[in-house]
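**Student:** Here's the letter readout for the chains.
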Amino acid sequence: MDLKIDITEGIGKSTVKLFGEIDAYTAPQLKEKLLPLTKIERNQVEVNLENVHYMDSTGLGVFISALKSTKENNSELRLVDLQDRVLRLFRITGLDEIITIDTAIRGGNN
Amino acid sequence: MENFDFIEMKVPAKAEYVSVVRLSISGIATRLGFSYEAIEDLKVAISEAITNAVDHAYYDGDDGEVTIGFGVYDERLEVMVADHGGSFDLNEVKGGIGPYEGSESVENLREGGFGLFLIDALMDKVEIKNDYGVIVLMTKYLREAGVGLDDDQISTTQ
Chain A
1 MDLKIDITEG IGKSTVKLFG EIDAYTAPQL KEKLLPLTKI ERNQVEVNLE NVHYMDSTGL
61 GVFISALKST KENNSELRLV DLQDRVLRLF RITGLDEIIT IDTAIRGGNN
Chain B
1 MENFDFIEMK VPAKAEYVSV VRLSISGIAT RLGFSYEAIE DLKVAISEAI TNAVDHAYYD
61 GDDGEVTIGF GVYDERLEVM VADHGGSFDL NEVKGGIGPY EGSESVENLR EGGFGLFLID
121 ALMDKVEIKN DYGVIVLMTK YLREAGVGLD DDQISTTQ
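Residue numbers (this note's numbering), protein chains in the order written: chain A, 1 to 110; chain B, 1 to 158.
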């Protein structure tokens, strides 16, 4: 299983669409693509997870490092359209408290 | 003596094989009649255990194997993940487990500390043995239908 990463860069905003699975094998690829976007000063990085059907702690690790990077570079990170299963991991670990997650489309609580 | 079927797999301790084991657990758990939610939990827990084993092998500079054993019982599935590489400091690992607490600053957040925490949260019973290499033994019970997604899945024994 692989992960496809589509990046659309606009002015002050980057959209990252992910397709596939985030695990020990694919997480390093995601980190390599995602981190440079958060290093652009004031950049708004939106990650669309609608087509991510599997993720584990390796994915959480990537989003934690991206979040840390946004704090250092005045950029922003937002995760959107998470599958319930993926969202559940953020909830169990309490990371939904510190990472901006937009679940409106999936009918979540936030 | 309780009857059970035993399935064993060996994969190279490399990240690209984690998804292969995930497909296997999915098949075995479906065979037992686990719910969709429980199968997803199993996939994450097993992947975490194998990822740990792969990481150890990587840090130790050896390209060993990870052995995975599935004990298929009538009302539960036991999964054993064994990494025959060097042992690690269990207390150190346990000290780093837990959910994010509001008091922690983002800068201090650990990027790799959620694996064992998730195994513990998603499985019914977890034992870790550290005598010769590291062995993680995880159990998930087959529940009656109707157990919802939001049910507390963390319990010790049944």
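Warning: the hint list may mix true and false statements.
Unchecked claim - Below, a sample of chain A positions facing chain B; criterion: calculated Cβ distance under 10 Å:
1) G12
2) Y25
3) E46
4) M55
5) D56
6) T93
As the list claims (entries may be wrong) - Ranges between beta-carbon positions, derived for each pair:
7) I7/B <-> K71/A: 17 to 23 Å
8) T100/A <-> R31/B: 36 to 42 Å
9) F19/A <-> P12/B: 24 to 30 Å
10) H53/A <-> I7/B: 50 to 56 Å
11) S35/B <-> G94/A: 22 to 28 Å
12) E127/B <-> G94/A: 39 to 45 Å
13) R42/A <-> E75/B: 52 to 58 Å
14) E16/B <-> L35/A: 20 to 26 Å
These aren't lab readings, by the way, just hints derived from the structure by calculation.
We treat Cβ as the ideally placed atom computed from N, Cα and C, and that holds for glycine.
**Student:** Hints broken by the structure, by number, lowest first?
**Tutor:** Per hint list: 1, 3, 7, 10 and 12 violated.
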